[in-house]
Amino acid sequence: MDGIAGRRPLLIWAVHLSVAALVLLWTIPTFGLLVSSFRDGDQLSVSGWWTALTPTERNIVYRAPAAEAQVEQAGQWVISGNVFEGQAAGEITKFGFSSKAPTAFDAGQSAELTKGRTLSVMANGDYRIASSEEMKGKRGARIFFTSIDPPRFTLENYRNVMFSEGIGRSFINTLTVTIPATIIPILIAAFAAYALAWMKFPGRSLLLAVVVGLLVVPLQMSLIPLLRLYTDVGIGKSYVGVWLAHTGFGLPLAIYLLRNYIKGLPKEIIESAKVDGASDFDIFRKIVLPLSFPALASFAIFQFLWVWNDLLIATVFLGNNEEQLVMTARLRELLGSRGGNWEILTASAFVSIAVPLLVFFSLQRYLVRGLLAGSVK
Amino acid sequence: MEQLIFAFSSMAAGVGACVLYFWGTNKILDGIYPASGSKAGQNILRANSIRPWLFLGPAIVLLTLYLIYPVVNSVMLSFYGPSGEVFVGTANYSWLFADQGFRESLFNNLLWLIVVPAAATFFGLIAAALTDRIGWGNIAKSMIFMPMAISFIGASVIWKFVYDIRGENIEQIGLLNAIVVGLGGEPQAWITLPFWNSFFLMVILIWIQTGFAMVILSAALRGISEETIEAAVLDGANPFQIFLKIKVPQIWGTIAVVWTTITILVLKVFDIVLAMTNGQWGTQVLANYMFDWMFRGLDFGRSATIALVIMVMVIPIMIWNIREARKEG
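The listed protein sequences derive, respectively, from chains A and B. Quick note: the first sequence uses our numbering, first residue 13, plus one each step. Quick note: the second sequence uses our numbering, first residue 1035, plus one each step.
Possibly wrong hints are sitting among the right ones.
Some, not all, of what chain A presents toward chain B, calculated at C-beta under 10 Å [said to hold, decoys possible]:
| id | residue |
| --- | --- |
| 1 | Val31 |
| 2 | Val35 |
| 3 | Ile200 |
| 4 | Ala201 |
| 5 | Arg216 |
| 6 | Ala221 |
| 7 | Val223 |
| 8 | Pro230 |
| 9 | Pro237 |
| 10 | Leu317 |
| 11 | Asn321 |
| 12 | Ala341 |
| 13 | Leu346 |
Hints were generated in silico from the structure; no laboratory data involved. Since we're looking at a predicted model, the values are computed, not measured. All C-beta atoms, glycine included, are put in the ideal place defined by N, C-alpha and C.
Just chain A, with the same shape it has in the complex (with noise of 0.2 Å):
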């Protein structure tokens, strides 16, 4: 193939421009979520992520305290203090009085306020109110002012959901969701599995059929009579009812993977041992598990990541309360009452989908071959 493109110099071009746009468009959205992760709350809604390296312009009220707190100086009544106290500090270009025009003075000029009062504010933020004779009035000056700020970036947002927003608390319980719900299906699976490809019994056929069938019978299906039968014998909102039904449901695919990479080991192989008078349970433990350890692996992948992504189960068949609430369906809560807040949102979905990311990319191998185990013949 090499051949034909290299002697089309313009279509191999095409050709990697239209990859890397094909990227750009599919890494962009991600991207742009990790970068406000990082960013400052308050840059992060005024501008879009894409100038999070350029400085932000804000327009800022800010009021002064009111005439108690003037002080002496020099026959002067003074109010005098910092615009940012209290937040971090830009560079103010433009400051004004009044919401009319409250870009009307360049920073460092003064200006003529009422009653010959006089307020001048500095680049930095140093503001200054100053007055002939003694001020009156309980609220203070409104100052308007233009800051021009640095680009910020924090760990803030992630301080803050881990900590205040709960998804700690939820990254904990996804945990405790996903380990059982990874591991026991594909105990149970692998044994199915081996019976399936090598053991001889009627019904053999008829059972392969209803697995491959049941691989694609809708989820919702299930919901209520599981709901019902829950309630019944007690199981009710647990962690034990999630793991029964995420290896309940996670059983058809398993047993179809499986099944399909174990019929595929050599028949020699296991037919020596049986010969040797190995029983099935030894061929089973000491051949065929070390061997299929490829396909137990993406099965392993697919449904830690099935899992740990999944919300549908989790909404079902788990509380809705501190102890119970995985990161989805923290996130879908975030979503509703965090609806503006981005930084809290960005930052709760990145830490929801790093580890899925982790996996994805140290195990990706595992998981390509898996899926074609499952879908291609």
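Could you slot chain B onto chain A? The hints should help.
For chain B alone, coordinates are given in the frame of chain A:
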């Protein structure tokens, strides 16, 4: 921390119980029918006829309990009232066919069924064909494949951020609106746009599934015999002709598999709609509608009826799959 210990110990308990079951039952079977002594031959035969069922036992129990019983039970529930105790005959079905929400969901589901598998397969095929020709193809593949690892809900957050809208004179922080405004257009609230909003939700699933299609189709493309391609090259076919007339026809089977796999996924799509719109603004789909009747409507009968509709839509694919599997033996 305590909970993690609980998780690990219950995992150990679960795995232990499984091991104990398989090991124990096999031990007992060998005890009852020892493969030695005067009846050794007969015993081995007997043990061999029982052992498969020991291996299959837990799987059969779980499959029956979690998949087969619910199907039967759902069919029954669809003839019962909200709490599942009062028999109402076909009332749920007559309600369903007259219900506006159901029609909307069905229409949207059909829309999803047409667009998503087609688009994901198409992009997957393009990506597979192109990445196989360049040096950094594997990295590119990884990147396109990556959304597969992201949860639907995580993907929804990602895309909700892309679709975000701010007031007209304020800087847009959503990528799509920023581009639209940059090109001189008006910012739009994409997920509330009538009719088109469904497509903006579909984009999310297409984004996730393209990688899957690409991986499978790429393997199929590599499996095509060199001879047919060489013959075409000798005949003077250009790369486009080779792709469309030689390669694609040879992988129709795989394309069909990819298409049906995504179709099944689409029928069950739920998380995306729940997270993005919760079915508002005319984006409802069956799976979410079912969920809605289950948790907000608290009507098990109607909910089970909607689930059955999804099931009925899956059945043709199920039959086709079973036939294919039987052919291969």
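Going through the hints against the structure:
1. Val31: holds (5 Å)
2. Val35: holds (5 Å)
3. Ile200: For Ile200/A, the interface hint holds, since the closest Cβ of chain B sits about 5 Å away, which is under 10 Å.
4. Ala201: holds (6 Å)
5. Arg216: holds (8 Å)
6. Ala221: Holds: closest Cβ of chain B sits about 5 Å from Ala221/A, inside 10 Å.
7. Val223: holds (7 Å)
8. Pro230: holds (5 Å)
9. Pro237: Given a least distance of 4 Å, the restraint on Pro237/A holds.
10. Leu317: holds (6 Å)
11. Asn321: holds (3 Å)
12. Ala341: holds (8 Å)
13. Leu346: holds (8 Å)
Violated hints: none; the structure is consistent with every hint.
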